[in-house]
Structure formats: C-alpha cells, structure tokens
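Asker: Sequence:
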Amino acid sequence: MENKIKIEKINENDYDRIFVMSDIHGQYDLFLKMLKEIALKREDLMIIAGDICDRGEKSYEIYMKCMKMIKLGYNVKFILGNHEDMMLEDLENDYPLRYETEFSIYRNSKYFNKKSMEKWCEENFFKEIKWLVKWLKNCPLVISGNENIFVHAGLDLQTKLEKQERETVLWTRDEFWLNEESVLEEYRSKNIYFGHTPNINGRISEKTDKIWDIDCGAFFTHFLGCVEVKSKEKIYVFENEFIQFSEVSGKVFLELWNEEVADFIDFEKYKIKNGKNGIKEIKILKKLDRKEKER
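So the sequence shown is numbered by the UniProt record's numbering: it starts at 1 and just counts up by one.
If you're looking for bench data, these hints aren't it; they were derived computationally from the structure. Mixed in with the good hints, there may be bad ones.
[What the hints assert, rightly or not] Derived DSBU-like pairs (lysine-lysine); straight-line CA-CA distance at most 30 Å:
{"#": "1", "residue 1": "Lys-163", "residue 2": "Lys-232"}
{"#": "2", "residue 1": "Lys-33", "residue 2": "Lys-4"}
{"#": "3", "residue 1": "Lys-68", "residue 2": "Lys-230"}
{"#": "4", "residue 1": "Lys-36", "residue 2": "Lys-234"}
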C-alpha cells in the first residue's frame, strides 16, 4: 500500500453537532445503544475513528449499519484504523481474516447454514465483501476541520499534517502530546481526537486541554464513549457483563495488545463492578485453559 496518507477536509459549521467515537471492535449492541443515546439527526455528523472490526462478534453488522445510515442521508464518516488496514492487506494477499470478523460476514450472508463456512469462503466470500473493500479503500486516514483533527492512532506534532507517516497515524502509541515546546503552530489551536490506545478505566481521557483519547476499550471494558465536539460533552453507554482481562494491573491493556503478535494470551475471567468514575472492583472468577483461548 502507498505511504501517502489521505486527508479529508470538513467545515464544522456545516453540521449542528459532531460526534466522534472509535475502536468499537465488533460491539454492535453497544454501538446501537450509542446511536440511541445521541439521537443522531441528518443535520449532525458522526465520525468513527477506526477499528470497527476484529475481537467482537458483530463487526460486519456495524459496517452494514453505517452504510445503511449513509444511504438514508445521515452524515457518517469513517477513518481507517490499523485493523481495517490489516484486513485490506490480508485480502490483497489472500490471507484469511480474523475468525470473528470472517464469521460475522458469513453469518450475515444468504448462505449462512446453507453452505459450510469453508465452502462459502472459497466460493462467495469476496463477492459478499466487495462493497466493503471498495468503501474502506476510499476512507481517509485523517479528517481535518478548521478547529479539529480526527485520527485513529495519533500524530507526529513536529511534522506537518500532509507529511505524516502512514505508520504513525495508524499505529503510534507514543505519548505524542508531551513535547509541547516543539509542537508546530498549525496544531496549537486545534483539538485532536484519537483512539487506538485504550483507557483502562473505560473513560475518555483528556491528555491536554486539546488532545483527547476517545478509546474506552469497548471490547474489554464494555464501555463505549463518544464526544460531541462542539459542546465537549462526553457520552457513555455500557454493559455490565463478564469481561476478559490478562491481569489486574495498570498494564492490563498493554498485555492484551500482544494479541496482535502472539497466538495465545493467558486470559482470566473477571467480574467487573463499575463505579461512578470507571471500574471499581475486579473479582477473579476463572482461569481459562488453553483450548478456550484458541481463536
């Protein structure tokens, strides 16, 4: 894939409200809850800052819902995340997708339970997702307005926006907001919204008064967060369910991100008690054996 990044320009004044969320990772029910909570109108704009797919069981349903909303006249914009980028690369190289994502597509096909998943993959898979591939390939890596910048992973604030590296906007976990003295002037007056690096307490965090990490770790915490950009209102929906973590510590999500490069993670099952400001109590319920961890 070419390294030059695609930037989409918007004018915030064209919309009554602007909502941004990220890293839904197949949590379709949470996404529907959020749509109900924000009561999106056709005069509004909703931006999803990447990573709809993988981990959760219903990523394809979210893509289809977004496309349906677009066809109905809603303003929905999607920024490519690293998981979509990996998915497109896998498809170009004839690799199988992650099981959760592939099964989500299969479950929504007309051949579900009429053909085996293996046979469907061989005969119908690429036909089913042709529309999705075309859509994702046309999605930007950055959305930039007069007052706000939206990106999946982050930015190099010492590099002009049009010169950003693809690897940076998709993958960085650097604390890019810390070097305030060397930030280029073009970024100083803008709010930056990014995801990719989850907040352990399931809450949106303001790294500075203008830089927002909106990834609430929806798959792990069952919290999905959203910011209404004009009012700066933070909106949350959540499900109190059993949640999987690798350990109870401040490094919990860093441990889980090793899933990108490892075959297995030693998951334990915990019961989560949510407090007013995030996770209040984690009770260990069960250690999963190796068979349960296989993808």
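Asker: Next, verify each hint and record whether it holds.
Answerer: Evaluation of the provided hints:
no. : hint              : verdict
1   : Lys-163 - Lys-232 : 28 Å, holds
2   : Lys-33 - Lys-4    : 36 Å, violated
3   : Lys-68 - Lys-230  : 26 Å, holds
4   : Lys-36 - Lys-234  : 15 Å, holds
Checked against the numbered hints above, the structure breaks only hint 2 and satisfies the rest.
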